[in-house]
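Visitor: Chain order of the listed sequences is A and B.
Going by the working numbering, the letters in the first sequence line up with residues 232 to 469, in that order.
Going by the working numbering, the letters in the second sequence line up with residues 2 to 341, in that order.
Rather than coming from a laboratory, the hints here were simulated on the basis of the structure.
Hints should not be assumed to be uniformly reliable.
Straight-line alpha carbon distances no greater than 20 angstroms define the calculated PhoX-like cross-link-like pairs of lysine-lysine that follow [unchecked claim]:
hint	chain 1	residue 1	chain 2	residue 2
1	A	K293	A	K304
2	A	K463	A	K448
3	B	K25	A	K305
4	A	K406	A	K328
5	B	K79	A	K305
6	B	K158	B	K285
7	B	K57	A	K463
8	B	K25	A	K261
9	A	K261	A	K456
10	B	K69	B	K338
11	A	K420	A	K406
12	B	K138	B	K69
13	B	K51	B	K39
14	A	K304	B	K79
15	A	K286	A	K297
16	A	K441	B	K338
17	B	K39	B	K325
18	B	K69	A	K304
19	A	K441	A	K393
20	A	K293	A	K305
21	A	K261	A	K293
22	A	K293	B	K25
23	B	K39	B	K138
24	A	K435	A	K393
25	B	K25	A	K304
26	A	K362	A	K435
27	B	K338	B	K322
28	A	K261	A	K448
29	B	K25	A	K297
30	B	K322	A	K441
31	A	K393	A	K428
32	A	K406	A	K362
These figures come from a predicted structure and were not determined experimentally.
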Amino acid sequence: MVFAAIFAGGKGSRMGNSDTPKQYLELGSKPIIIHTVEKFFVNDRIDEIIVLCPKPWVAHTKDLIKRNLPDGKKITVIEGGETRNGTLENAIEFIEKNYEVDDDTVIVTHDAVRPFLTHRIIEENVDMAIKYGATDTVIPATDTIVESEDGDFISSIPNRSKMYQGQTPQSFKLKELRTVIDSLTDEEKSILTDACKIYTIKNKPVYMVKGEVFNIKITYPYDMKVANTLLKGKDSDD
Amino acid sequence: MINQVYRLVAPGMIDVACTQPDIKDCVLLRPLYMSVCKADQRYYLGNRSKEALKAKLPMALIHECVAKVISDPTGNFKPGEIVVPVPNTPTEDDDVIAENYRLSSHFCSSGYDGFLRDYIDISPDRLVRVPDGIDLKVASFSELISVAVHAVSRFEKFAHSRRDTIGIWGDGNVGFITALMLRALYPDAKLYIFGTVYDKLAYFGFADDTFHVDHIPEDLRVDHAFECVGGEASRSAISQIIDHINPEGSVGLMGVSENYIGINTRMVLERGLNLFGSSRSGVKDFERTMEILSSNPTIPAYLENIIGEVTTVRTIDDIHKAFKDDISRHFGKTVIKWEK
Chain A
232 MVFAAIFAGG
242 KGSRMGNSDT
252 PKQYLELGSK
262 PIIIHTVEKF
272 FVNDRIDEII
282 VLCPKPWVAH
292 TKDLIKRNLP
302 DGKKITVIEG
312 GETRNGTLEN
322 AIEFIEKNYE
332 VDDDTVIVTH
342 DAVRPFLTHR
352 IIEENVDMAI
362 KYGATDTVIP
372 ATDTIVESED
382 GDFISSIPNR
392 SKMYQGQTPQ
402 SFKLKELRTV
412 IDSLTDEEKS
422 ILTDACKIYT
432 IKNKPVYMVK
442 GEVFNIKITY
452 PYDMKVANTL
462 LKGKDSDD
Chain B
2 MINQVYRLVA
12 PGMIDVACTQ
22 PDIKDCVLLR
32 PLYMSVCKAD
42 QRYYLGNRSK
52 EALKAKLPMA
62 LIHECVAKVI
72 SDPTGNFKPG
82 EIVVPVPNTP
92 TEDDDVIAEN
102 YRLSSHFCSS
112 GYDGFLRDYI
122 DISPDRLVRV
132 PDGIDLKVAS
142 FSELISVAVH
152 AVSRFEKFAH
162 SRRDTIGIWG
172 DGNVGFITAL
182 MLRALYPDAK
192 LYIFGTVYDK
202 LAYFGFADDT
212 FHVDHIPEDL
222 RVDHAFECVG
232 GEASRSAISQ
242 IIDHINPEGS
252 VGLMGVSENY
262 IGINTRMVLE
272 RGLNLFGSSR
282 SGVKDFERTM
292 EILSSNPTIP
302 AYLENIIGEV
312 TTVRTIDDIH
322 KAFKDDISRH
332 FGKTVIKWEK
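Sequences are here, hints too, so could you generate the full structure?
Guide: What follows is the structure, encoded as structure tokens:
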């Protein structure tokens, strides 16, 4: 089975004065999180969807899904964790508890605030997770990346042609992901906030799926303006 | 849902745009294969008038497609069914005028978005099921086949009943498919093909004879004819048809020309000829197309022979590659395997 786990744990602290977590803000005609869930809902490679959100927002999220999505695919809303890794572990535990996990069980994890992902990105995540065990979605870096140890002076400038920017989804064979996470100490868990980074440190391959420049993460008010602009434009269907 | 649509914004330039179809209202399809039409190519290359380009762009190209049903809130189609979307969309009913000739109808990739999209949102009455066993690459150009079927249906409506000899002028894709449909529907008629390239004429093995347009026997006569040439050359094709057609014959005009084409009306009048235009197609033509394909197993096999390049598209650069490959193709269809 292939599960989609939508991480909707953001508290909205970076979105200006809004108290509403950013994934619940309206983009076009619907909340951002609904646009994102819909992309997995219509993709027939995804068997079931798990949405992980802050506890106070679980009921609201369920209402939104009920109101906006037709019947047809099981969507479960559960509480996320305190950290990204905690949310990931909650998703894994939910699947292990409720389904029979085998070697081909795949989890596709995705940020709720990236509603512009495409069909191809999901397909390639599933295909490459099955083939290689783990994937990250990336785009080539366009800006030069500068590294600084002290925050004041440049300590190194890596070769830009080898630099990529990480997006999501990140996808994994679930059994292997469980084994890798279990091998971490609590201290490692607190430092290693990115599941793909854990794989890399453990010398496990992570295939890079080509993302899209427009697969943006809506984090700041500026991102919301960009997202609204992406949705405007001549609608030739009308 | 946010849907990515890949629009031609200027000749040779494709950019992504987003639309918001409501998945609770429309049938949602995932395109599997598409095919490039010469009409798309004219937009891509900018070979349309400045006024037409200004009025119609930005617009997603491609109106030939086969797709898989993702969801249908109306219950008419099941997820996974293979269908072809009909690019013509009527906006009013008319008992007399066919849907593809109504001035109010919309047409995908001509002023309205074509099928270069992540998902196609469409009304269920614009979908036709593909019979089992049909190659999906062939099904991708069902629309072009349906255009030929539509022309033959109009021929059946207008032409007198003596249909012993039928001439097809044009050795390209439209000529090939129109001839093939006539072969299926009129197995006893003599089919003569007239073209300019011997290599292309050689593909018409199912016809009774083929002729280079410079070497047509003077006494050769046809009861009816189809012009599938288009462009400036359609003038000489129509002229030849008028020279070689029997009195009261019908001539189906199918070739598109950007400029006016002169016609020898004196001879049209003298011989009582019936010239009729034929363009695009509607749902009924798609349905008849599928009947022909499923009841004549040799026809899809012939159609497989005209599949040229198959380009897998995962990026916008791949879309450009498909269109550029198609430019240099003299015969056959450029098919896109849609993995974008």
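Visitor: With reference to the structure, classify each hint as holding or not holding.
Guide: Now for the hints, and whether the structure bears them out:
| no. | hint | in the structure |
| --- | --- | --- |
| 1 | K293(A) / K304(A) | holds (14 angstroms) |
| 2 | K463(A) / K448(A) | holds (18 angstroms) |
| 3 | K25(B) / K305(A) | holds (16 angstroms) |
| 4 | K406(A) / K328(A) | holds (13 angstroms) |
| 5 | K79(B) / K305(A) | holds (18 angstroms) |
| 6 | K158(B) / K285(B) | holds (14 angstroms) |
| 7 | K57(B) / K463(A) | holds (17 angstroms) |
| 8 | K25(B) / K261(A) | holds (13 angstroms) |
| 9 | K261(A) / K456(A) | holds (15 angstroms) |
| 10 | K69(B) / K338(B) | holds (13 angstroms) |
| 11 | K420(A) / K406(A) | holds (18 angstroms) |
| 12 | K138(B) / K69(B) | holds (13 angstroms) |
| 13 | K51(B) / K39(B) | holds (18 angstroms) |
| 14 | K304(A) / K79(B) | holds (14 angstroms) |
| 15 | K286(A) / K297(A) | holds (18 angstroms) |
| 16 | K441(A) / K338(B) | holds (18 angstroms) |
| 17 | K39(B) / K325(B) | holds (12 angstroms) |
| 18 | K69(B) / K304(A) | holds (17 angstroms) |
| 19 | K441(A) / K393(A) | holds (14 angstroms) |
| 20 | K293(A) / K305(A) | holds (12 angstroms) |
| 21 | K261(A) / K293(A) | holds (14 angstroms) |
| 22 | K293(A) / K25(B) | holds (17 angstroms) |
| 23 | K39(B) / K138(B) | holds (17 angstroms) |
| 24 | K435(A) / K393(A) | holds (19 angstroms) |
| 25 | K25(B) / K304(A) | holds (13 angstroms) |
| 26 | K362(A) / K435(A) | holds (13 angstroms) |
| 27 | K338(B) / K322(B) | holds (12 angstroms) |
| 28 | K261(A) / K448(A) | holds (17 angstroms) |
| 29 | K25(B) / K297(A) | holds (12 angstroms) |
| 30 | K322(B) / K441(A) | holds (19 angstroms) |
| 31 | K393(A) / K428(A) | holds (16 angstroms) |
| 32 | K406(A) / K362(A) | holds (14 angstroms) |
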